[in-house]
Amino acid sequence: MTGSPVSAETESLPAAPAYGRRSIAEVLPSCAAALGGSGFENVLGLPPSPRVCVVMVDGLGRTLLSQRTAHTPFLREKLQTGQGNIPTTLDAAFPTTTAASLASFGTGLPPGQHGMVGYDVLAPHLGRVVNQLGGWDPDVDPRRWQPFPTVFERIAEAIPVATVSLPQFEGSAMTRAALGGGSFVGAETLHARTTAAAEALAATPRMLLYFYLNELDKAGHLSGCDSAAWEEALEEVDACIRRLDSQLPANTLIVVTGDHGMVDVPEHRRVDFGADAELVDGVRHTAGEPRMVHLHVEDPADEAGVQRLMETWRDHFGTQAWVMTKAQAVGRGLFGEVRPEVLERIGDVLIAVHGDLALYDGRRVRPTAFSMVGQHGSLTKAERQVPLLVFRATGRTQSKRRRRG
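With the first letter of the sequence shown counted as 1, position 118 gets the number 123 in our numbering; the numbers rise by one all the way through.
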């Protein structure tokens, strides 16, 4: 489904993510093609390589990386070196949240296809809102909810695939839905993950390895991306990638990217919209996240009621949020091409924030949710643009190994 034509109400919206050309969904298919995998298109123009290590830094936005180069001497050097025609910036998926963007990364598909269209999403067959990350509903089968094979699964029969990540993500519902395939190596610390990645890649002459870091995103949510804690986490990310550069087999292609950016929201701007009867009048379910709210109305066929609801939200937040219908968002291409099953999961009215604002339904979320400083989910440049750095590992040469032996 492509939705209805875009109306004047959404003309101020930024362009949709560049699905199929320059988005997070093109990373793994391009890596698979660079490895010689059949049936994949190298849209990003990555150079051929027998080994590829893809580093996913959760929460690393392109804007934040550009602003904090003093804390990333290694990545700064790689950015300054340049990478020819390979883009240095990609679009995250929409919404700019881990569930949607990592699912696009893992499947090579836009959210309208894989169906993970938010942090919390309405499950129409259950009649309730379900979580797409750590709180996955036991009544939702990950492989039915997201039915497409992952890039890892598609390539694993021909080329070895490994994931190096935190142990708790092995076999998680999110992993099974969007990142399954190949072997899994769990390690708690960044040092241990670096060692595991180097050992896995050295054990075979050909491999696609996925290396996941969540420390930066965690620091941002807890303390904000303007905090000393976030800057320290960024420095650790830079040091980790420097270690990968020196420890991976020489000439391994290293691809560094992120799943979304982040903005800080001050405490007084974290608003409980569920406490305002006008804002939830006629709303059956609220879902999404604080910077990209889904509103599912009692009667979607009541067009006048939907318009009244939108006007109410515009009166409250219109100068700091884009308020649109499902049809407008789909017609704009924000989710890419949308399957009919997925269309039901998307809210009838969507609120994408562009001010320093976070919108919670306090009737549905725990009070601790309001303590989150760093936020993401909307279409702003800071949230949607992620970096793409591509370079060859300096690596451990055979002569170095002999001297150490």
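Please note that a few of the clues may not be correct.
[Claimed, not checked] Subject to a maximum C-alpha distance of 30 angstroms in a straight line, what follows is the list of computed DSS-like cross-link-like pairs (lysine-lysine):
1. Lys-386 to Lys-83
2. Lys-83 to Lys-223
3. Lys-386 to Lys-223
[What the hints assert, rightly or not] FRET-style restraints, in silico, Cβ to Cβ:
4. Ser-376 to Thr-74: 25 to 31 angstroms
5. Lys-223 to Asp-281: 48 to 54 angstroms
6. Val-370 to Gln-312: 50 to 56 angstroms
7. Thr-74 to Ala-197: 43 to 49 angstroms
8. Thr-194 to Glu-349: 37 to 43 angstroms
Keep in mind that the hints were calculated from the coordinates and are not lab data.
All values derive from a computational prediction rather than experimental measurement.
We put the beta carbon where it would ideally sit given N, CA and C, even for glycine.
- Item | Hint numbers contradicted by this structure | Result: hints 5, 6, 7 break, sorted rising.
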